[in-house]
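Chemist: Sequence:
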Amino acid sequence: MTAECRKIAVVFDNCPAHSKETNQKLKNVTVFYLPPNTTSKLQPMDQGVIKNFKIRYRKRIVRKVITALEDNQSMPKINLRESISETSKAWNYDVTDLRNSFATKMDSLSAMRSRQVRSMKTIFP
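Under the working numbering, the very last position in the sequence shown is 429; numbers go up by exactly one each time.
No lab work stands behind these hints, which were simulated from the structure alone.
Incorrect hints may have been included.
[As the list claims (entries may be wrong)] Quick list of in silico lysine-lysine cross-link-like pairs, DSS-like style, CA-CA up to 25 Å:
1. Lys311 / Lys329
2. Lys358 / Lys311
3. Lys393 / Lys355
4. Lys393 / Lys363
5. Lys358 / Lys368
Start from the sequences and build out the full structure, keeping to the hints where you can.
Modeler: Shown next as structure tokens:
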């Protein structure tokens, strides 16, 4: 890379698994870290997927609580094993939700791109 005068930018989100230390031998590599809680805002596809997952997971937990209360049982305790099981079930949802989320994001990106092109044409006629 150095011989070719190439520069590389690597962008990491704020995941704790990403090391903050960079290898000093990699002189042409610059590492950037995104600020906390910005990944889903900067990656539009994540918004719809994460939103749908959270909705489905919460519905499953609320249903479990309501069922227990209707059966005059005590409030269920959700341990790690049950939480993982509910997470797995919430993740296995209908693909049409993902498809709709993707289509919505693509429409909004297309509209944003059109606005950018129009504004560029006014700046550079």
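Chemist: Look at each hint and say if it fits the structure.
Modeler: Tested hints:
Pair hint Lys311 plus Lys329 holds up; C-alpha atoms about 13 Å apart against a cutoff of 25 Å. With a C-alpha separation of about 39 Å, the suggested pairing of Lys358 with Lys311 is violated against the 25 Å cut-off. Our distance criterion of 25 Å between C-alpha atoms is met by Lys393 and Lys355, whose separation comes to about 15 Å. A hinted pair counts as satisfied when its Cα atoms are at most 25 Å apart, and Lys393 with Lys363 qualifies at roughly 11 Å.
Using a Cα cut-off of 25 Å, the hinted pair Lys358 and Lys368 holds, with the two alpha carbons roughly 15 Å apart.
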